[in-house]
Each structure stands twice: as structure tokens, then as C-alpha cells.
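K.L.:
From just these sequences and the hints, can you work out the full model?
Line by line, the protein sequences give chains X and C.
Reading the first sequence from the start, the letters are residues 1 to 364 in the UniProt record's numbering.
Reading the second sequence from the start, the letters are residues 1 to 364 in the UniProt record's numbering.
No lab work stands behind these hints: they were computed from the structure.
Please note: incorrect hints may appear among the correct ones.
In silico negatives: residues of chain X with every beta carbon more than 10 angstroms from chain C [to be verified]:
hint, residue
1, Ser40
2, Val223
3, Phe268
Each pair of labels, with its calculated beta carbon distance range [to be verified]:
hint, chain 1, residue 1, chain 2, residue 2, range
4, C, Met43, X, Pro329, 52 to 62 angstroms
5, X, Ala214, C, Gly100, 45 to 55 angstroms
6, C, Ser318, X, Thr16, 29 to 39 angstroms
7, C, Ser27, X, Ile326, 20 to 30 angstroms
8, C, Glu302, X, Gly185, 42 to 52 angstroms
9, C, Arg288, X, Val347, 58 to 68 angstroms
10, X, Glu302, C, Arg69, 31 to 41 angstroms
We put the CB at the ideal spot given by N, CA and C, even for glycine.
One-letter residues, chain by chain:
Number of protein chains: 2
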Amino acid sequence: MTVKRPDSPKRRVTSTDVAALANVSQSAVSRVFAHHPSVSDKMRRAVLEAARTLGYRPNAIARSLITQRSRIIGVAMAYLDNQFYPEVLQSLSRALQAYGYQILLFTADETGAADPMLEQVLSYQVDALLLASVSLSSHIAEECELAGIPVIMFNRTSSTPGAASVTGDNFAGGRQVAEFLVAGGHQRFAYIAGAAESSTNRDREAGFCAGLAALGMAQPMRVPGQYDWQSAQAGTRLLLGRPTRPDAIFAASDLMAIACLEVARTEFGLSVPHDLSIVGFDDVGVARWPSYQLTSFAQPVEAMVSAAVTLILERLESLAAPPRPIVIPGRLIVRQTTRHPAQGLVVEDGERVWRTPSETTEGP
Amino acid sequence: MTVKRPDSPKRRVTSTDVAALANVSQSAVSRVFAHHPSVSDKMRRAVLEAARTLGYRPNAIARSLITQRSRIIGVAMAYLDNQFYPEVLQSLSRALQAYGYQILLFTADETGAADPMLEQVLSYQVDALLLASVSLSSHIAEECELAGIPVIMFNRTSSTPGAASVTGDNFAGGRQVAEFLVAGGHQRFAYIAGAAESSTNRDREAGFCAGLAALGMAQPMRVPGQYDWQSAQAGTRLLLGRPTRPDAIFAASDLMAIACLEVARTEFGLSVPHDLSIVGFDDVGVARWPSYQLTSFAQPVEAMVSAAVTLILERLESLAAPPRPIVIPGRLIVRQTTRHPAQGLVVEDGERVWRTPSETTEGP
Chain X
1 MTVKRPDSPK
11 RRVTSTDVAA
21 LANVSQSAVS
31 RVFAHHPSVS
41 DKMRRAVLEA
51 ARTLGYRPNA
61 IARSLITQRS
71 RIIGVAMAYL
81 DNQFYPEVLQ
91 SLSRALQAYG
101 YQILLFTADE
111 TGAADPMLEQ
121 VLSYQVDALL
131 LASVSLSSHI
141 AEECELAGIP
151 VIMFNRTSST
161 PGAASVTGDN
171 FAGGRQVAEF
181 LVAGGHQRFA
191 YIAGAAESST
201 NRDREAGFCA
211 GLAALGMAQP
221 MRVPGQYDWQ
231 SAQAGTRLLL
241 GRPTRPDAIF
251 AASDLMAIAC
261 LEVARTEFGL
271 SVPHDLSIVG
281 FDDVGVARWP
291 SYQLTSFAQP
301 VEAMVSAAVT
311 LILERLESLA
321 APPRPIVIPG
331 RLIVRQTTRH
341 PAQGLVVEDG
351 ERVWRTPSET
361 TEGP
Chain C
1 MTVKRPDSPK
11 RRVTSTDVAA
21 LANVSQSAVS
31 RVFAHHPSVS
41 DKMRRAVLEA
51 ARTLGYRPNA
61 IARSLITQRS
71 RIIGVAMAYL
81 DNQFYPEVLQ
91 SLSRALQAYG
101 YQILLFTADE
111 TGAADPMLEQ
121 VLSYQVDALL
131 LASVSLSSHI
141 AEECELAGIP
151 VIMFNRTSST
161 PGAASVTGDN
171 FAGGRQVAEF
181 LVAGGHQRFA
191 YIAGAAESST
201 NRDREAGFCA
211 GLAALGMAQP
221 MRVPGQYDWQ
231 SAQAGTRLLL
241 GRPTRPDAIF
251 AASDLMAIAC
261 LEVARTEFGL
271 SVPHDLSIVG
281 FDDVGVARWP
291 SYQLTSFAQP
301 VEAMVSAAVT
311 LILERLESLA
321 APPRPIVIPG
331 RLIVRQTTRH
341 PAQGLVVEDG
351 ERVWRTPSET
361 TEGP
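P.N.:
See the structure below:
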């Protein structure tokens, strides 16, 4: 029944072939593969045996046209060289696979604009679209929603109020870094920025600057970093080449913080943290390696992915569930690249963490 | 014309809708979107304008049933925490996107067995399947081929002779590491193994052992590493805790080599390379970071990906093109974690590389 000639495209075994061999109706075959409760054991056995004999596989693509569900989630992602995103991708893929969904991957370049790939994405009839580290014009986001494709932002927020997104608490994280560094006695602060147009950078910087201002400190020196190694190294050279160099640098990602640390130690001969404290963001695996032991604000990847999967499944199960921004709290993991404050260090889950000791800075 | 009710699945605009608005036949609409040369400019303009008005997008899924091509390449991958694979994924995705293909991603766990996910993969009617770091039973591989789905192994070889694969030159790499370490005057060699069942580990170890034997050296001490950080650290502790510790360790991946380096320096207080030389494999980005400056055998990701894409496209264009194993040569990049031989170091493309000075070791 199966035609398998190597010089022509494959001819698939269909449910009609299976029905013929099992001597049942084609709709009975469909019900068996849809795990319909009305199917008798005898019917199921006959159909499955016929299917095995013929090498039949249900065609998810064809079924998608009927059910309007492809079981495919489009994921647009950039920055795969930053350890944070491979961790996200692996976690997301496993979580979605557990629910029977696969990821159709679209890699964007670092300018982070997803619009050019959108036509491609939409032509595959993905059930939902998750944008990690890339942004979407409000026009295209609206088109997706109108086409019935929920859009979920990951590690980015949308300018559309109430749009579905999952982020870490970037503003609070930036602020806690400021409070931690001030409590440690630092006085000349600097910030190495991520991609200027990204919401993560915007919020981390805003939190950092707000935290410093609330404690009466001057605003930080600032250099661009673009979330990449070379830019962060160049920015660090600018900062450390100044006559009055900073004594504390907050980099908006671990990759940039490590790039900074390497320049400080190998090019300027500085001792970290004795001469200079450095803080990163993300707490990727490399931050824990002994040669770095980087103090970093941790974004809990598993919790963020779990929230994203929940948002996706809610939207697909019932379009009445409102899209909403979900913010996952993080925590500042204190390691060896920073001078420690006298108070506020606690141990949680085997990690040394800093919690702002006094809440009075936040007002009544 | 477009029904967009938030409480029901989306009803897509079809080519029939566009044809009606443009007052042409549905097959004319198809020809326009297939860029058929027979379409007049006037026809194209009318169809595209109607399509824009209605928000029509060609349905790649429906088209795939007709053309038997989905333009989707299935990629099964594990080890996303090893920098090598995110680099591969990013490079592969960009290369395939340039040819109009998208990646459907299947993440496997590290046991590396792809069989359980195969039914899922096949139900999506992928045009080809690339297996990176996972293995496939010969039975399943044969089923794919019979179903007309070419299977390409990446960084793994298949037990089936002549099967399509792209690998670095693992055997030659292991052998060059042996020759380099012997030339550097080392005498007590050790090997930290990767995943035991992987072809990469098998070939790297075989090359390393053959290289040592050919130069009259004893076979290396050996510990398992499983391509993961914790196992490599545990293996290093075993090696360095011995009364007669090795003076040169070859780890089958950079991740494991760095894990080894950290243990040697921070737990045993050893000076690298003065007390101990360490060599890795892959030359991922982290190997170049100043705190590591790891000597490593480089696998050229871009060249390997390019070869894989070529294999995929050849198979899809003409099923008569024979599948074959492609081996991409690499080179040993010499940095700061190894004692240097007196001869053989050359500079290529700004990198210090070691080339075996004499070919007489290889025989006539």
C-alpha cells in the first residue's frame, strides 16, 4: 500500500488506507488517534494493528487545518551567545514538549526587530508566538492578535498596555543593586548599558538610578554595552581610563560583567573587589565558575518559563483569558566580585543573598 | 470578509476570498504567490492589492500538503548548556532561514536517544531531520529514509555505512593533541572522557591513544566526564588526588577542560601550565576569555553548518544525491594552559596554532 520510490516525493499512508485494511470507517480511525472515549478496545486494537502494518502516522499538518491548531509555538530569539537564552530555550522546549507542543525557531539578529520575519512566522500558522529578546512593532502585534495568534513577550515588555509578557523584576533588581553597593560603602558608580532600545535595559537602568538617587548618591557614569562582549570591554576601558575611575560597576548582563572583569584584571591590573566591585545580571552558569564568582541579580529561568507556558496554554484553551504582564521576582546573589555590606546578607537555598535591611527607604 | 471573533478559533482569509475580491480565478491567485513567470503585472497588482485589503497570507501548511514540502527542517539537539550547540543552532538557523527554511526544534535529554521523539517529529512532516548530539537507532533512521525524510547527523556519525553526517575530524584532533603534548615534554597523560556512547568521544579518545602509542608513550589514565561540568570536576579530583598525578590532561570538550582547570587551580593549588597542562576540544567562546586562555582543538562551526546545509539542500533537490559522511578538518589553537613545544607553533588567521612538524610519524 505504501509507495516508496526514491525518485519521487513520498506518498504518505493515509487514514483511508488504514480504514480499508482494518475494515472500519475512516472516521473510526480518526477517533482512535484522537483518543476518543467512545472507541472500543476491539476497534482500537484493529486500527492500531493495521496502522503498524502500513507504517501509518497521523498527519499533524493535515489535522491542523481541520482543528485550526498546529501544536506549533513560534519562538523568535536572538542572543544565543548569551548563556541566558540557551537556558531559556532548553527549559521552554522541554516544558512545551511535555504538553505536546513543538517550537518553530526563528533566530533574529541582535537589532532585535522581529517584524521582517513576521510574514514567515504567520504563514506557518503557529498557535502562538513567543518573542524572547526581540521586539515587535505595535502594528504587527495587533495583526497577530487579530489573526488569532496570541503574542507573548519574554524578557521584554510591550508598549501596548496589558499585553502578555513575562519578565524578571528588572526595575527592582536595578534598585537592589544600587542599595547593595551603597551599603557596601562605594561612592563612584558606573553603569554598562545593554541594548538601548530594550525594555530590560531601560528598567534595570531606571531602577539603578532611582536607587542611587533615593540614597542621595550622584547619578552613575554610563557607557553603552549592547549586551555584547566587545562593546562591554570597550566601555570598561573608557570607565577605567578616567582620572576618577568608578569604584563600583553595574553591568546589565553577566556576559558584560565578565567582559568588564577581565579588562579590569588583565588590562588595568586591578584587584576585584579590593579596588573595584562589579555586579552583573541574569546569574547564568558562568557566574558561578570559580574564576569569576560574580555577584549577580538572578532571574529565575524556570519560573519565568513556567509562567510563559501558562500564559500560552491559557490563551490557547480560552481566548477570554486576559493577556497580562507577569513579573517574576529575582534576588541578588552575592559572590566574590563585590565588597560586602555589614548587614543584609542571608543564606537562601545554599546561596548568599542580599536583602535590603531597612524598608524605610521605600517610604510609608 | 475576515471573521475575527475572539471566542472562536480564527477563520483564515483564503485564496478564494482574494480571488473573489480581485475578480480573478483562485488558480491565478496561487500563481501570483508562487511567483509564476506567466503572471502579468496587471494581474499581480490586482491580486496583491486584494490580498493586502483582506490581510491574506499564503498558508504554508496547506501548500505543504500539495507540494509535499513543508519548508521545515526538524532539528533534534541536546546539550544547550555547552556553548558549542547554541553557536551551532544560531548559525544553522540563519543559514536555513536564508534559504526559506525554518527549524522545528526538538530538545532531547542528555542520554541522547532521539527515538522517543521520532513519532512526534515524523507527524510534522519535516522535509529533513538533523540530529545534533543525539543518536538514532538504525531502525528509526531507516524508517525516516523510507518515508522520504533525509536524516543528517551533526557532530555524530551513524553506524550505518555511508549515512549523511558532518563531523569535525575528531580522530585527527585527538591524535594532534597527543603529538603536541609529547612534543611539549609531558610524560604522564590523562583523558577526561565525554559521553561514552557518543561517536565524538570514541574518535577523540581513539586518536589520542593512537597518537600516544605511536610515540612510544604509555596509555593515558582515564576518567569519565559525560560532557558535563560536575562529572569532569569529579574526574579531575580523582586524577589529581593520585600519588602519581598526570602532568597533562586532555578533556574531550572545553566545558570539561574548564571544569578541570578550576579544580586544579582552586582545589589543588596547581599552577597551570607550570605544574599541569590542560587541553580542551571545540574552541567555544569561553576558551578565549582571559581567565582561561584554554588550548583547544577548534571545530569550525561555520564550515560544519555550511556542509550540513549543503547536504540537506542536495537531498531535498534531488533524492539521487548520495548521503555521505563529511569530515571538516580542525586545528589545535595554542593558548596559555599548556607548556609549549620548541617547534611547530605557527600563526594562522591571528591564532597561534600547532602543526605536527614531522610527517614521518605517520609512516610512508
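K.L.:
Does each hint hold? Answer for all of them.
P.N.:
So, going through the hints one by one against the coordinates:
Separation of Ser40 (chain X) from chain C is adequate, the least Cβ-Cβ distance of about 24 angstroms exceeding the 10 angstroms criterion. No Cβ of chain C comes within 10 angstroms of the Cβ of Val223 (chain X); the nearest lies about 20 angstroms off, and the non-interface call holds. A cut-off of 10 angstroms between C-beta atoms confirms that Phe268 (chain X) is not in contact with chain C; the least separation is 12 angstroms. Our hint of 52 to 62 angstroms for Met43 (chain C) and Pro329 (chain X) holds, since their Cβ atoms are close to 58 angstroms apart.
Here the CB-CB span from Ala214 (chain X) to Gly100 (chain C) is close to 52 angstroms, well matched to the stated 45 to 55 angstroms. Remark: the range hint 29 to 39 angstroms for Ser318 (chain C) to Thr16 (chain X) is upheld by a beta-carbon distance near 30 angstroms. Checked against the given bound of 20 to 30 angstroms, the beta carbons of Ser27 (chain C) and Ile326 (chain X), roughly 47 angstroms apart, lie outside it. For the pair Glu302 (chain C) and Gly185 (chain X), the supplied restraint of 42 to 52 angstroms holds, since their beta-carbon distance comes to about 48 angstroms.
The supplied range of 58 to 68 angstroms is broken by Arg288 (chain C) and Val347 (chain X), whose beta-carbon atoms lie about 35 angstroms from each other. Separated by about 37 angstroms at the C-beta atoms, Glu302 (chain X) and Arg69 (chain C) satisfy the suggested range of 31 to 41 angstroms.
Of the numbered hints listed earlier, those contradicted by the structure are 7 and 9.
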